[in-house]
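S.K.: Chain by chain, the residues run as shown.
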Amino acid sequence: MKWFAALVCASAFAQVPYERIVNAAREPGNWLTYSGSYLGQRYSPLTELTPANVSSLRVKWAFQMDTRLQVSPIVVDGVMYVTGPNSAAALDLRTGRPLWRWSRPLPKDYQSIGFGRVNRGPAILDNQIFVATLDCYLVALDAQSGVERWSAKVEDYKVGYSMTLAPLAIRGKVLVGVSGGEAGIRGFVDAYDARTGSRAWRFYTIPGPGEPGHNTWSEASWKTGGGSTWVTGSYDPDTNTVYWGVGNPGPDWNPDSRPGDNLYTCSLLALDGDTGKLKWHFQFTPHDSHDWDSAHVPVLFEANVRGTRRKLVAVANRNAFYYALDRTTGEFVAGRPYARQTWAKGLDDSGRPIVIPGTEPSEQGTLVWPNLNGATVWFSPAYSPQTEWIYVATREIASIYFKRRAEYQPATFFAGGGEASVPGNQPSGAIRALEASTGQLRWEFPLHSAPWAGVLATGGDLVFSGSDEGNFFALDARTGKPLWDFQTGGRIAANPISFAIDGSQCIAIAAGSVLYVFGR
Amino acid sequence: MWRWMLAGVIAVQAAAQTEADPAAARRIFEAQCALCHGQTGGGGRGPALNRPKLSKAPDDAAIRIIIREGLPPDMPGAWQLHPTEVAALAAYVRSLGTVAPETLPGDKGRGARLYQSKGCAGCHIVAGKGEGFGPELSDIGVRRSAAYLRQTILKPSANLPEGFQYIAATPASGSAVRGIRVNEDSFTIQLKAAGGRFFSFRKAELKDLRRLEKETPMPAYEGQLTPAEVDDLVSYLASLKEKP
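Which chain is which? The protein sequence lines are A and X, in order.
Position one of the first sequence corresponds to residue 1 (our numbering), numbered consecutively onward.
Position one of the second sequence corresponds to residue 1 (our numbering), numbered consecutively onward.
I should point out that these hints are in silico values taken from the structure, not numbers from a laboratory.
Just so it is clear, CB atoms sit at the ideal spot from N, CA and C, and this is done for glycine as well.
Treat each hint with caution, since some may be false.
Said to hold, decoys possible - Derived pair list, reagent style BS3-like, types lysine-lysine, alpha-carbon separation capped at 27 Å:
#1 A/K279 to A/K311
#2 X/K129 to X/K155
#3 X/K192 to X/K155
#4 A/K481 to X/K203
#5 X/K118 to X/K241
#6 X/K207 to A/K481
To be verified - If you want the ones that stay clear, here's a sample from chain A, every Cβ over 10 Å from chain X, calculated:
#7 L46
#8 W61
#9 R101
#10 S198
#11 T308
#12 T342
#13 A411
#14 E444
Construct all of the structure, not just a fragment, from the sequences and the given hints.
M.R.: In structure tokens, the structure reads:
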């Protein structure tokens, strides 16, 4: 009877207006947006699970899909929404039993150029679920039935555009970015009207003729300059500012045709939510030649900096440096390496890297740390307001970078080189706790290999993450001490979330093609 | 008319694109392939490619596919290479096979008898026979060069494969276990000890976990076999090309 009542409530109040997402921290039993809140912290305020009781976690249910999963689900009022590539499902939160399923056929001539056929999650706003598809459509589904309400063509998949990310729903709009940085695309961030699917604005990450920054490209190189936007951004509702990371320039490893800084590749953008107008940018890796996309979830937080309370945005970058920036102005506040790197002497006072000569890819190969997948990648870091630390899944891995000829042909690799593993170099990894305002290391938990899983922090002072060998585990957020682990049997390349089932705290993680839900 | 001219241009371009530059292909091979296949294709960690027939790539098209896509899990795909480079590289790899393959001094029949009499089958399986403690050798002649085989027989610890680890694990109570690492993650490790028994440990519960660098349970046959016997054994192992 209680179950029946809950179900009725769920259908009556399943609408998620923008204000609920803004105030997501007030309802920690749900997980309303990709990173748990707009701030990109992947932090659950739930406190039931603690270092003292986390060892009693067990599997409550599992859900399988016929594809490898990288999903970070959405949880709302007794329903969990999950996605795979070109597919989505609504699951009963108590049992994992599907309530509806949706899929969209993938065109036969679709190809993924430079990335896997995956999807990292849905978004919700009002009564609609939003899914970004590999063939580059944004689709709005009715949250109750899974019925398609509208779909919008974002760009042409035939020339290499694609989408793998979870959309970001803000007030009245749904934001997406694109993959395709190895196919010579010109990247952008798009916003669509959530009700109609019509495009509200587009911000090109590679400035065209006459636009500021265009002079950082030579001749026609901007047209194929890359600058993909394939990881979900963050949002500051107080200032209506969207923070979004930009990928590598193209061609990746042969920069000869594009002298200059190549704005806004490998940068963080601050965009106006209503218009998409650029407020500021910060470039982490000018004139990149190692494929170090700045495709990260920016983490928004406040901290005392030399005695003053400041609003900051932090990025642990693929290039192995950690950055804290003023989130109003983009000013560089602090930065330092958080993983082994051999390409820069350090950062100057403005945060620009002091590049060591001879570290670019070469015909015969150049050994550089980190490798092309970087010291961390798309998977999310977590921030705990209790410890004021950022937790980063870190990769320690070198590679030999090769430079090759690059010739643009639509729908083919426009990469100009590649990497080879270093013989005898055994890649490793760690979960590292960094002081958020400085990047200073507070503790680390070593991993057997370089990880591909994101991190979740919780109000009970726990940190959850996964390993490439299938371990899902909990650490003490203050010490890094391992407290609990579970072998999922599948490689973990996904972000964990936390929510409550009937008031009891649970954790979910995708591993292989299975989504696991753990509770006590 | 325009159409004909256009067709002509395309044909010329296509010819230009498939024209192989052996010097450039050799540079690519030495930079990216030689790490495993040896500077002259004689093999190493990867199989020798200086053979007229490559079992997994019977023709040029197949070589190109393998170069582009790799052979999981060991060989990465070189998707970053331009199609012209892939074609040139495939031609270069094929040219390696036209070099006369190494003539081995030993007698493979005598080698086969030595393999039995020296107890190799006590740890290795060939064509379904033997024990499974060590790696299967049924197609070792495809996967390893003769020089590599010789070195491994004489001094196996000098030539351990990538990822191989011999481990000494000491549980909180009980005696140390020595074994080959068969799997490991951030929390646990699984070993195969002599006799084939598997052991599983939580690393945090071990008193001691030692990675025995440059050690292997395989005995060194340097000084145990005559040079002629080593030749025979290498000749036999190099002749093992196919799994049953």
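S.K.: Work down the list of hints and note, for each, if the structure agrees.
M.R.: Structure-based check of each hint:
At most 27 Å may separate the alpha-carbon atoms for a hinted pair to count; A/K279 and A/K311 meet this at roughly 15 Å. Using a Cα cut-off of 27 Å, the hinted pair X/K129 and X/K155 holds, with the two alpha carbons roughly 24 Å apart. For a cut-off of 27 Å, the pair hint linking X/K192 to X/K155 stands: about 22 Å separates their Cα positions. Straight-line distance between C-alpha atoms of A/K481 and X/K203 comes to about 14 Å, which keeps the hinted pair within the 27 Å bound.
Only pairs whose Cα atoms come within 27 Å are accepted, and X/K118 paired with X/K241 is accepted, the gap being roughly 21 Å. In summary, the hint linking X/K207 to A/K481 is supported, as the alpha carbons are separated by about 18 Å, within the 27 Å threshold. Every beta carbon of chain X lies more than 10 Å from that of A/L46, the smallest distance being close to 25 Å; the non-interface claim holds. Listed as outside the interface, A/W61 is consistent with that label: its C-beta sits roughly 23 Å from the nearest C-beta of chain X, beyond the 10 Å cut-off.
The Cβ of A/R101 sits about 31 Å from the closest Cβ of chain X, beyond the 10 Å cut-off, so the non-interface label holds. Every Cβ of chain X is farther than 10 Å from the Cβ of A/S198; the closest lies at roughly 37 Å, confirming the non-interface assignment. At the 10 Å boundary, the C-beta of A/T308 stays outside the reach of chain X, the nearest C-beta of that chain being 40 Å off. For A/T342, the requirement that its beta carbon stay farther than 10 Å from each beta carbon of chain X is met, with the minimum near 19 Å.
Even its closest Cβ contact with chain X, about 13 Å, leaves A/A411 beyond 10 Å, as expected for a residue assigned away from the interface. With a least CB separation of 12 Å from chain X, A/E444 remains clear of the 10 Å interface cut-off, as annotated.
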